[in-house]
Amino acid sequence: MKNKGTSFGEIMIVFLIISVALIVFLRITSDYLKSLVFVKDFFILNSLLQSKHQLLIAYRNKALEEPFMVETIAPAQWPIFPSNFCILFNTSTKKIDITSSSNCSFTFIDGTSLRNVTYTISAYSDPDYYIFDIKAYDRLRGINSEINRLYITKWHPSF
Amino acid sequence: MASFFLNNKSYTLLEISIVLLLFSFAILIVSQIYLNVINASIMINDYYQALENVRLGTEKIWRILKYGWSFEVLNNGRSLRFQKKNCVTTTISFNSAEKVLYYQEETLIPEPVFDPDLVKVNRIIFATDTPNVNENYAYFQYAPKIIIIFYDLEIKSKKGVTTSLVFEQAVAPLNSTYTSNLCAQ
Numbered sequence: 001m002k003n004k005g006t007s008f009g010e011i012m013i014v015f016l017i018i019s020v021a022l023i024v025f026l027r028i029t030s031d032y033l034k035s036l037v038f039v040k041d042f043f044i045l046n047s048l049l050q051s052k053h054q055l056l057i058a059y060r061n062k063a064l065e066e067p068f069m070v071e072t073i074a075p076a077q078w079p080i081f082p083s084n085f086c087i088l089f090n091t092s093t094k095k096i097d098i099t100s101s102s103n104c105s106f107t108f109i110d111g112t113s114l115r116n117v118t119y120t121i122s123a124y125s126d127p128d129y130y131i132f133d134i135k136a137y138d139r140l141r142g143i144n145s146e147i148n149r150l151y152i153t154k155w156h157p158s159f
Numbered sequence: 160m161a162s163f164f165l166n167n168k169s170y171t172l173l174e175i176s177i178v179l180l181l182f183s184f185a186i187l188i189v190s191q192i193y194l195n196v197i198n199a200s201i202m203i204n205d206y207y208q209a210l211e212n213v214r215l216g217t218e219k220i221w222r223i224l225k226y227g228w229s230f231e232v233l234n235n236g237r238s239l240r241f242q243k244k245n246c247v248t249t250t251i252s253f254n255s256a257e258k259v260l261y262y263q264e265e266t267l268i269p270e271p272v273f274d275p276d277l278v279k280v281n282r283i284i285f286a287t288d289t290p291n292v293n294e295n296y297a298y299f300q301y302a303p304k305i306i307i308i309f310y311d312l313e314i315k316s317k318k319g320v321t322t323s324l325v326f327e328q329a330v331a332p333l334n335s336t337y338t339s340n341l342c343a344q
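Residue numbers (the working numbering), protein chains in the order written: chain A, 1 to 159; chain B, 160 to 344.
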């Protein structure tokens, strides 16, 4: 009877092949799940940026329209923006508030915060329009949104 | 080589059984992993579909509100009534019992904004700003300048696994700049 068994090298090769196969399968699964998390996070970041765009337009409209009197044709009061600021909808006063800051956290209207997500708005002024650069950052995933540039005219579109 | 074929020594039943057992285990583990990959892929596909449905629903709301008139928040922020571009009175309301967000034009049958099979609506809050002035002369002076919608959703896979999706949408209506409300008459 031959007593020759399996050598250590052979066993190691078998284990190596099994491990590689397992890693490949697990990697595919984790990549699938990771892609969902990223897509979801991008969706949330984009909705945040979109809501800030609209708040900026609304702030401009409010500043120009409410004091405007048709009879007297009062001159437009252009809103003044700090170079870096946060913009949010204040649920108790039901007004849009602006505070000077270079790092803003995001709070929903139900009072909860979007943890790990911050955003910055930088404003530049031109004789005719404002330029806003809005950028969001997810600390947990390390995702940076693209810089969204928004141009808003200082003059009113309908007056 | 000849000695290999002439060797009459065969494997015992125990040896064959052990080999078969080990082989079955290996097949079982590999097939389980393979099934998990397939299930994950199906689940992710379902989630993408649900996310796409959310995107379409919110875009539809955004477009309609952008051109709307006379916005009113009702039922403690659960409903929003307004007039569409064509002055049809429209309501977007959250049904907490059914966990569905409905869109309804005047007396027509309400239709869900999101596919209930893909998206479960846990909570919706509507909010609008209030004007700074008491003037009621020109529409642009008293019209809401911003409408905020808070969404607390769950996107579902066909296997019943859900993941939460909480976000906010804001719309600055274009018609807030008009001198008179064309739907007021």
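Careful, some of the hints might be misleading.
Below, in silico cross-link-like pairs of lysine-lysine (DSS-like), each with a Cα-Cα straight-line distance of 25 Å or less [said to hold, decoys possible]:
hint	chain 1	residue 1	chain 2	residue 2
1	B	225	A	94
2	A	34	B	317
3	B	315	A	40
4	A	40	B	244
No lab work stands behind these hints, which were simulated from the structure alone.
| message | Taking the earlier hints as the rules, which of them does this structure contradict? | response | Structure breaks hint 4 only.
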